[in-house]
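Undergrad: Please model the entire structure based on the sequences and the hints provided.
The sequence shown begins at 1 in the working numbering and counts up one residue at a time.
Honestly, I wouldn't trust all of these hints.
Stated by the list, open to error - Each computed BS3-like pair below joins lysine-lysine, with the alpha-carbon atoms no more than 27 Å apart:
hint : residue 1 : residue 2
1    : 258       : 247
2    : 209       : 258
3    : 286       : 258
4    : 245       : 258
5    : 175       : 209
6    : 309       : 286
None of these hints come from the bench; they were simulated from the model.
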Amino acid sequence: MKIAVLKERRADERRVAATPDTVKKFVGLGVEVTVETGAGDAAHISDDDFVQAGAPIAADAAAALAATDVVLKVRRPIMADENGADELAQMHSGQVLIAMLNPLIRRSDCDAYAAAGVDAYAMELMPRISRAQSMDVLSSQANLAGYKSVLDATEEFGRALPMMMTAAGTIAPAKIFVMGAGVAGLQAIATARRLGAVVSATDVRPVAKEQVESLGASFVMVEDEESAQAETEAGYAREMSEEYKQKQAALIAETIAKQDIVICTALIPGRAAPVLVDEAMVAAMKPGSVIVDLAVENGGNCALSQMGKVIDADGVKIIGHANFPARLAVDASNLYARNLFNFLSPHIDGESGDLSFDFEDETVSGVCLTKGGAVIHPMLSAKE
1 MKIAVLKERR ADERRVAATP DTVKKFVGLG VEVTVETGAG DAAHISDDDF
51 VQAGAPIAAD AAAALAATDV VLKVRRPIMA DENGADELAQ MHSGQVLIAM
101 LNPLIRRSDC DAYAAAGVDA YAMELMPRIS RAQSMDVLSS QANLAGYKSV
151 LDATEEFGRA LPMMMTAAGT IAPAKIFVMG AGVAGLQAIA TARRLGAVVS
201 ATDVRPVAKE QVESLGASFV MVEDEESAQA ETEAGYAREM SEEYKQKQAA
251 LIAETIAKQD IVICTALIPG RAAPVLVDEA MVAAMKPGSV IVDLAVENGG
301 NCALSQMGKV IDADGVKIIG HANFPARLAV DASNLYARNL FNFLSPHIDG
351 ESGDLSFDFE DETVSGVCLT KGGAVIHPML SAKE
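TA: Rendered as structure tokens:
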């Protein structure tokens, strides 16, 4: 089997889908790996690093893709309807594409993969089961995003986070409110606590209360019969009723007005991010306060956030950086590359190096979008 690792071409993407460590592991399994020149530059991995690990360097994407069986990427290919070269057009029928493909939002891309004869696997659809934890790209990347969100907030915040007792007087600790207690939210809580802030958090899932409190933060939530059913079987947040949203919004508005920093992390798979912080809530915050919107790429949890920008709304800074994990490209690449290796390696023959996916394995069937020229994932079929 031959694997191609391509350079990411989106403006905000600094990660790479393989590292010298994972290249060595693939080569050890009898797999040939070719890396496009410059693929690791933004993550501080040189072409020489890949060569020393056993991967030849291709001069461009076309050369890397030639006679290749599997294509590893971080983000979905740039398509014909977007600015830039059509990356899918360079792939050929029979190739396997593995990346974060955003299929529930970019449904039309899946038809294009099928028409091109490319078997596409979307890693963000990995089932949340114990056996798949080492393959879970959402968790590995969200963990770093949650950490980075707190650091980005402190950069814009004009005060210290911890309580400080000095001869000149005492500095009160900053108050940080985290909205959404998934992987990113929990890491944001832990990071903010380590930096000495007073932290509270909210989530629609009651199970999150114990997790939040175990990290030393207080939990803010409207608890009723509906909230008891707020988590899907897959472990994601369920869309709540309008009545519940209104009650929760009233509680959140009261809480937000008292905060110095608000970190928003709430996402619903396949849908636009819910707006949790409206303009009135922003206006109620003190000048000098900061909002970090990790959901900005999916529409944003804050009504005023703008992707790729830090704006000032009457003294409140709203951070909408695109692609938070890529702001820690070295660690994000290392974790993502290991996720991909852990996904592929059980299906590689240790003697021949050939790839043969077992579709009885839910880690395979759960992420496969297209196969043999057809869209096969049930979540996508339901949208047709």
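Undergrad: The structure should be examined with respect to each hint, and the outcome stated for every one.
TA: Verification of the hints:
1. 258 x 247: 18 Å, holds
2. 209 x 258: The given pair, whose Cα atoms are some 20 Å apart, holds under the 27 Å limit.
3. 286 x 258: 8 Å, holds
4. 245 x 258: 20 Å, holds
5. 175 x 209: The given pair, whose Cα atoms are some 18 Å apart, holds under the 27 Å limit.
6. 309 x 286: 21 Å, holds
Of the hints listed earlier, there is not a single one the structure fails to meet.
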